[in-house]
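Enquirer: If you want the building blocks of each chain, they are given just below.
There are 4 protein chains.
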Amino acid sequence: MAFTSGRHFLQIPGPTNTPDRVLRALSRPTIDHRSPEFAQFSLEVLEGLKRIFQTSAPVIVYPSSGTGALEAALVNTLSPGDRILMVETGHFATLWRNLAVELGLEVDFLPGDWRHGVDATIIGKKLTEDEKHAIRAVAVVHNETSTGATSRVHEIRKAIDRAGHPALLMVDTISSLASIDYRHDEWGVDVAVGCSQKGLMLPPGLGLNAVSEKARQASKSARLTKSYWAWEPILAGNKAGFFPYTPPTNLLYGLREAIRMLEEEGLQNVFARHDRLAEATRRAVRAWGLEILCADPEEFSSSLTAVLMPEGYDADDLRGVILTNFNMSLGTGLGKVKGKVFRIGHLGDFNDLMLAGTLSGVEMGLALAGIPFSKGGVAEALDYLEFTRKGKVSR
Amino acid sequence: MAFTSGRHFLQIPGPTNTPDRVLRALSRPTIDHRSPEFAQFSLEVLEGLKRIFQTSAPVIVYPSSGTGALEAALVNTLSPGDRILMVETGHFATLWRNLAVELGLEVDFLPGDWRHGVDATIIGKKLTEDEKHAIRAVAVVHNETSTGATSRVHEIRKAIDRAGHPALLMVDTISSLASIDYRHDEWGVDVAVGCSQKGLMLPPGLGLNAVSEKARQASKSARLTKSYWAWEPILAGNKAGFFPYTPPTNLLYGLREAIRMLEEEGLQNVFARHDRLAEATRRAVRAWGLEILCADPEEFSSSLTAVLMPEGYDADDLRGVILTNFNMSLGTGLGKVKGKVFRIGHLGDFNDLMLAGTLSGVEMGLALAGIPFSKGGVAEALDYLEFTRKGKVSR
Amino acid sequence: MAFTSGRHFLQIPGPTNTPDRVLRALSRPTIDHRSPEFAQFSLEVLEGLKRIFQTSAPVIVYPSSGTGALEAALVNTLSPGDRILMVETGHFATLWRNLAVELGLEVDFLPGDWRHGVDATIIGKKLTEDEKHAIRAVAVVHNETSTGATSRVHEIRKAIDRAGHPALLMVDTISSLASIDYRHDEWGVDVAVGCSQKGLMLPPGLGLNAVSEKARQASKSARLTKSYWAWEPILAGNKAGFFPYTPPTNLLYGLREAIRMLEEEGLQNVFARHDRLAEATRRAVRAWGLEILCADPEEFSSSLTAVLMPEGYDADDLRGVILTNFNMSLGTGLGKVKGKVFRIGHLGDFNDLMLAGTLSGVEMGLALAGIPFSKGGVAEALDYLEFTRKGKVSR
Amino acid sequence: MAFTSGRHFLQIPGPTNTPDRVLRALSRPTIDHRSPEFAQFSLEVLEGLKRIFQTSAPVIVYPSSGTGALEAALVNTLSPGDRILMVETGHFATLWRNLAVELGLEVDFLPGDWRHGVDATIIGKKLTEDEKHAIRAVAVVHNETSTGATSRVHEIRKAIDRAGHPALLMVDTISSLASIDYRHDEWGVDVAVGCSQKGLMLPPGLGLNAVSEKARQASKSARLTKSYWAWEPILAGNKAGFFPYTPPTNLLYGLREAIRMLEEEGLQNVFARHDRLAEATRRAVRAWGLEILCADPEEFSSSLTAVLMPEGYDADDLRGVILTNFNMSLGTGLGKVKGKVFRIGHLGDFNDLMLAGTLSGVEMGLALAGIPFSKGGVAEALDYLEFTRKGKVSR
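Protein chains in written order, with the numbering used here: chain V, 210 to 604; chain H, 210 to 604; chain X, 210 to 604; chain B, 210 to 604.
Treat identical chains as interchangeable: a pair holds within one or across any two.
Each computed DSSO-like pair below joins lysine-lysine, with the alpha-carbon atoms no more than 30 Å apart:
no., residue 1, residue 2
1, K547, K599
2, K599, K584
3, K549, K584
4, K423, K335
5, K448, K547
6, K545, K429
7, K435, K423
8, K259, K367
9, K545, K448
10, K429, K341
11, K599, K549
12, K429, K367
13, K335, K367
FYI, nobody ran anything at the bench for these hints, they're computed from the structure. Note that this is a predicted model, so its numbers are computed, not measured.
Kindly produce the complete structure, drawing on both the sequences and the hints.
Expert: Here's what the structure looks like:
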C-alpha cells in the first residue's frame with residue numbers, strides 16, 4: 210500500500226471509526242477469566258449492555274460476528290420445521306432468511322424492493338390469517354445496513370398485538386444499536402441481535418442477544434441443534450460474572466469503555482447526534498442531484514445513507530477513486546444493488562467536522578470520477594449543521 | 210479490588226501473559242474489511258498460520274472461543290449418528306465428548322484416569338476391530354490442559370495407518386499450538402483445533418481449524434447443521450483475503466504480530482524454551498515433595514504442570530492465598546480434579562525470570578497456606594535453569 | 210468538560226494531530242539507556258534526524274521544549290556582550306530576541322510589521338556596514354509560527370556571503386522542519402533549531418539543534434554559561450549512541466516512528482502535500498473575504514495560515530465558538546496580534562479530508578459567531594483540491 | 210538484537226519498569242496546551258505533585274532530564290560566586306558539585322567514601338563556623354543513586370536550625386521521590402529536585418522542583434543566568450494551568466496516571482513496600498556472601514542496593530552475562546566504583562514476584578559468571594518475603 214498521510218476516513222456502515230479511548234482499553238493486559246476481578250468487571254459490562262438495549266432482560270455476549278448472533282437467535286428459540294415470518298428489506302434480511310432455511314426452518318419471506326422498511330400492516334395481516342398460530346416467530350431487521358431503511362419496530366409490535374398472535378418478535382439491531390433509538394422492553398421484543406463494530410464503536414468480534422423472558426421460555430422446548438450458541442449455560446455462568454467458555458476479555462475491555470462513552474454523552478444525545486448528521490448527509494445527497502435509495506422519508510436511516518448512482522455509472526469505481534485519492538472507505542453495494550449504490554456510514558464515534566470531511570470526499574470523488582452531479586452538497590450540509598447549532602452558541 | 214503494585218503474574222494455562230507488542234498491535238485502528246489493504250494483510254496472516262501449524266493446508270479463523278473451533282471440527286465433517294472414537298484424557302476431552310453427543314454423534318469414549326495421554330495401542334485395537342469402518346473419526350486432545358499430559362499424536366497416526374482404517378484424525382491443539390511441537394502435515398492430521406489465547410499469546414476471541422484435503426472432502430457429504438462454522442464459504446472468501454462475515458480485524462492485527470514474534474524466535478526455539486521451562490517447573494514440584502498429576506514422564510506437558518495437593522488440602526484455598534498475597538493467578542482444578550490440583554501455566558511469552566517469580570510465588574504460597582511440603586523447589590529450578598545456560602555463557 | 214463525540218480537530222500550528230502509529234510507538238516500555246539495544250536504537254534515530262534536516266552534520270536532541278533549543282543555539286556559540294542580528298518577523302522572533310537580551314547579548318533587532326519574512330537585502334546591508342565583523346551571528350525564524358510568513362533562508366545565506374561576513378547563521382525551523390523544505394547543508398546554516406510537536410508529529414518534549422562544523426568551532430571559545438545545553442558532552446556520548454544524562458527514551462521511540470513515516474511518504478512529497486493544503490486554505494480564506502496576515506505571496510507559509518479578523522471582531526471569541534460547537538482548536542493570536550488573528554494549522558499528519566473538515570469548522574464558526582464574511586470558502590478549497598488531484602485519478 | 214521471549218526485567222535504579230497503565234496514558238492524543246481542557250488537566254497534575262512531595266508549596270515541571278532540574282535549583286536561587294555546601298556521597302553528588310562549579314559557584318565539598326550518606330554533625334559544624342553566613346545553600350542528595358545510601362534529611366534540617374544558619378536547604382530526591390518517605394514541608398526543604406523515571410514510574414523527560422516560599426524570595430535577588438529554568442514565569446502561568454512554553458503534554462498524561470496509582474496504593478504503603486523489598490534484597494546479598502556498598506544500616510536505601518564484587522571480578526562482565534542469559538538489566542557502577550559494584554533497582558512498579566525473578570537472575574548470573582559466592586540468596590529473600598506476609602494471610 211502507498212503511504213497515506215493523515216487519518217483514514219472509515220465511512221462504511223461498520224466497522225466504524227474506533228475511538229482512541231476504546232483502542233487503549235483494548236490494549237489492557239488480559240486477566241484470568243475465572244478471577245474475582247474478572248467477575249466484577251464482567252458484571253459491570255453486562256449491566257451496562259442492558260441499559261444500551263433499554264432492557265431489564267439479560268444480554269448475552271458471544272465471541273462471534275453479528276452473523277453468529279443472528280444464528281443464535283434462531284437456534285435458541287425454534288425447532289426444525291418451525292415457521293418464521295421474515296421480510297425482504299435488503300441484503301441482510303435476505304442473508305438471515307437464507308440462514309433460517311439452512312437451519313431447517315420454514316420461512317415466509319415477504320418480498321420487498323430494497324427501498325423500504327417493514328410494512329407492519331402486512332405483518333398484521335399475515336398473523337391474523339395464521340389462525341392456528343403456526344408462525345412461531347416474526348424476524349425483522351431494524352436498520353437494514355444494505356439500504357439505509359429503518360423499520361418502525363413499535364408498529365410491528367402493535368400489529369402482532371392487534372392480531373393477538375403469540376409469535377416471538379426478533380429484531381436485528383446490528384446497525385441501529387447505540388445509534389438509533391431501540392427500546393427492547395418498551396417494544397416487547399423477544400430477541401434482539403447486535404454486534405460490536407457499529408454504534409458500539411468497537412472492532413468486530415462480539416455478537417449480542419438481548420433475550421426476553423418469553424424467549425427464554427421458548428428456548429426450553431426449542432430443538433434446533435445448539436451448543437456454542439446455547440443461552441442457558443451462558444446465563445447460568447453470567448449470574449456470577451463468568452462464562453462457560455473463555456470470554457473475549459480484551460474486546461470486553463473495549464466494550465466497557467464504549468458503554469462509558471455512550472453514557473457520558475447520554476444515550477438520547479447519541480441518537481439525536483446521529484439523526485442530525487444523517488439529515489445533513491441527505492441534504493448533501495439531494496443537492497448533488499442524486500437519489501437516496503430509501504424511498505420513504507419516515508424510514509430514513511440515521512446510521513447510514515445509501516446513494517443511487519446515475520444510470521450507467523458504477524458505484525465501486527467511484528469508491529475506488531475516493532479511496533485512492535482521499536483515503537476514505539465508503540460502503541459497497543451488496544447483493545442485488547452491487548455497483549448501483551454506495552453507502553455513507555455516519556454512525557459511531559462521529560461529529561460535524563468528520564462528516565464535513567466525509568461529504569467533501571464524496572463531492573470531490575464524484576467530480577474526479579466524472580459522475581454527472583451538481584456541486585454544492587457540502588455547502589448544503591454545512592448550512593444545516595450550522596443552522597442546527599444556532600441555539601447552542603455560547604459566546 | 211485492592212491496588213496491587215507491579216505486574217500481575219498470569220500463570221494459568223491460558224489466557225497467557227500478552228506481550229506488549231501484541232497489545233500495541235491490537236490497538237491499531239480497525240480498517241475496512243473489504244479493502245485491498247485488508248486483503249493483503251489477511252493473506253499474510255493466513256499464510257503465517259500455516260507455518261505455525263506446520264502445514265500447507267488452509268487454516269480457518271473464526272471469531273469464537275476455542276470451544277467454537279472444536280464444534281466446527283465436528284459439524285464440518287460428520288453426519289448425525291456418525292460414530293467417533295474419543296479418549297477421556299481429562300476435562301477438555303470430556304467436554305468435547307459431551308459436545309459430540311449434543312450434536313447427535315455416537316461416541317466411543319475410551320475411559321481414562323486423567324493422568325495419562327492417549328494410548329495409541331488401544332486406538333489401534335479399536336480401529337482394527339471396526340472392520341466395517343463405522344468409526345468415522347478419531348478425536349483426541351494433543352495437550353490436555355486440565356491435566357498436563359501430552360499425547361503422542363504421531364503414534365496415533367501410526368496406529369490408524371497400521372489398522373488401515375479410513376477414519377479422520379482430529380486433534381485439539383488448543384494448549385499445544387506454538388508451545389509444543391505440532392506437525393499437521395507430517396502427522397497426517399485432518400482437522401486441528403486451536404485458539405488465540407495460549408501459545409499464540411493473544412487475548413481470547415479467535416478459534417482455528419487447520420483442515421486437510423481429506424477433511425474438506427468429508428465436509429462435502431457431512432450433514433450436521435452448519436452455517437456459522439461452515440468451512441467452504443470461508444475458504445472461498447479467504448482465497449482473495451476476505452471473509453463471508455465481518456472478521457475480527459484487531460485480533461488479527463495481534464495475530465500477525467504474534468506470528469512475527471514466534472518466527473523471530475524460531476519455532477523450534479520456542480518449543481525448546483517451553484521444554485526447558487517445563488522441566489525446571491517439574492524439578493521444583495518434586496523438590497517440594499508434591500506429586501505431578503501426569504503419571505507418565507514421556508507425556509509431561511511443556512505448556513503446563515498440574516500439581517496434586519496433599520490429601521486434605523484444598524487447591525483453591527492455596528490459589529486464593531497466592532492471588533491475595535502475590536498477585537499471581539494459577540489454574541484451578543477442573544471437573545473431577547476440582548480442589549485436588551492446581552495448574553502452573555508456563556507457556557506463551559515467558560522466560561527464566563518470569564518462571565523464577567512464578568515458582569517463588571508457589572513456594573511462598575505453600576508455606577503461607579500451611580501446606581505440608583519441603584522448601585527448596587525454587588532452588589532446584591534455578592540450578593537447572595543455570596546449568597542449562599552453561600554452554601551459552603558469553604563473557 | 211462536556212463529552213464530545215468523534216475526533217478532536219487539533220488545528221493549532223503545533224502540537225499537531227499525533228498519528229496513532231506514533232502514539233503506539235510512545236507506549237513501548239522504556240529500556241535501559243545504557244544498554245547495547247538502546248545504543249543501536251538511538252544511533253538509528255540520530256542518523257534519521259540528519260536526513261530530515263538534510264544535513265550530514267550532527268543533530269542534538271534535548272529533553273526540552275523548542276524554547277530550550279533556541280537557548281541552546283545561543284549559549285553554545287556566543288559570549289557575553291556578543292552582537293547578534295535578529296529580525297522582528299513576529300512573536301517568536303521577538304521572544305528569541307528577548308532571550309538573547311536576557312543572556313547578555315547585544316541584539317540588533319531589525320523592526321518588522323509581523324506581516325513579512327526576513328528581508329535579505331537589509332541583512333546584507335547591515336553586514337556590509339559591519340566592517341569590523343562585530344556581529345557574531347544572524348538569527349532568523351524560517352517559518353514564523355505567529356504570522357505564517359516563511360523567510361527565504363537561502364537568500365539570507367547569499368546576502369551573508371555577498372557581504373563576505375563571517376557571522377554564524379542560526380535558523381529557527383520549529384514550525385518548518387518536516388513540513389517546509391529546509392536544507393541545512395545546502396543553505397549553509399550553522400545552527401538550526403527544531404522541536405518535536407510540529408512537522409515531526411510528536412508530542413512536545415524534544416528540542417533539536419542541527420550543528421555545523423563552524424558552529425562547533427565557535428562553541429569552543431563561546432563563554433555564555435552552558436551546562437545542560439552544552440553540545441560537546443552530548444556529541445561525545447552520541448558517537449556510541451549514548452547520552453550524558455538520561456535521554457527521553459519514549460519520545461525517541463515516537464521520533465523513530467515519525468521519521469519512518471516521513472520517509473515512507475518521501476520528504477519531497479511531504480513538502481508538496483503541505484504546499485497544496487496551504488494553497489487550498491488560502492483560497493478558502495480569500496473566498497470568505499478575509500485577509501491573510503502574511504502580506505507577501507512569496508512568503509506564504511505552508512504549515513499555517515494566520516487570518517485577520519474584520520475590524521471590531523475578536524478572534525478568540527470566534528475560536529471559543531468553534532471549540533464549543535465543532536470540537537476544533539485553532540491557534541490564538543500571539544503578542545501584538547492577540548485577538549486580531551486566528552491561525553489555522555495545516556501541518557503534520559494531515560490530508561485533504563481533514564482539511565475539508567477544518568475549513569468547514571471555520572466557515573460554520575464564522576457564521577455562528579456573526580462575523581461578516583462570505584460563505585463559499587470550503588467550496589473554493591474543494592475545487593482546488595479536486596483540480597490538483599485530476600492527474601492522479603486511477604479508475 | 211536477538212529475540213528474547215517474555216518480559217524484560219529493567220532492574221536499574223531508573224528508568225524503572227513502566228506500568229502498562231502509564232504507558233496507555235502516554236498514548237492519549239496530544240491536546241491544545243492553551244485550551245480550557247488542558248488547564249483543568251494540568252492543575253490536577255500540579256496539585257497531585259504537591260501531595261507526592263508532601264508539600265503545600267508549588268512544584269515546577271520542566272521538560273528536561275533530572276540533571277536539568279538540578280541546574281534549575283541552583284540558577285534560580287544563587288548568584289555568581291555564592292558559597293554552597295555540598296557533600297560527596299557518591300557519583301551524583303559529585304556531578305551536582307561539578308555543575309555548581311561550572312555555574313560559577315564556590316563549592317565547599319565535604320569529602321566522602323561513597324559508602325555513607327550525609328553526616329549532619331559535620332554540616333552543623335560547618336554552618337556554626339560560618340559566622341558571617343557566607344554559605345548560601347546546603348545541597349545534598351537524599352538517596353544517592355550510585356551507592357544506595359539514603360541520608361537523613363530531617364537531621365540535616367535540625368543541624369541547620371541548631372546552627373541558626375539562614376542557608377537554603379536543597380535536596381536531590383531523584384531516586385527517593387515516591388519510593389522513600391520524603392517530607393518537603395515537615396523537613397523544611399527549600400528546593401527539592403525530582404524527575405519522572407524513578408519512583409514516579411514514568412519514562413524520562415520530566416524534571417521537577419518543589420520550591421519553598423523562602424526559595425522563591427531568594428530567587429528574586431539571584432543573579433545566575435536563567436531563562437529556560439526561571440521559576441517565576443512558570444509559576445505565573447501555572448496559576449491558571451498554563452505554561453510559558455509548550456509543556457510535555459503526553460508525559461503529563463502519564464504523570465497524572467502515576468499519581469493516581471500511587472494514591473490508590475497509598476503513599477505510606479508505597480514506602481513500606483519499598484522498605485520490605487529492599488530488606489529482602491539485602492538478605493539475599495548477605496546470603497550470597499557479598500558486601501553491600503552502603504556501610505551504615507541506618508542509611509540503607511529502599512530504592513536500590515549496590516553490591517560490591519569480590520576482588521578481581523568485574524561487575525560489568527557480570528551484568529553482561531545476566532543481560533545475555535536472563536534478559537535483565539542491572540545498574541552499572543558509576544564513576545570511581547565503575548566495575549566494582551553493580552546496582553539492583555527495586556523501586557517503582559514492583560512486587561514480590563518481580564523481586565524473586567530479579568534476585569534469581571542475579572544468583573544464576575553469579576554462578577554462570579564464575580563469581581565466588583554462596584547460593585541461597587533467593588531462598589533467604591523468599592523466607593523473609595513469606596514471613597512478612599504472615600499476618601496478612603486471608604483464607
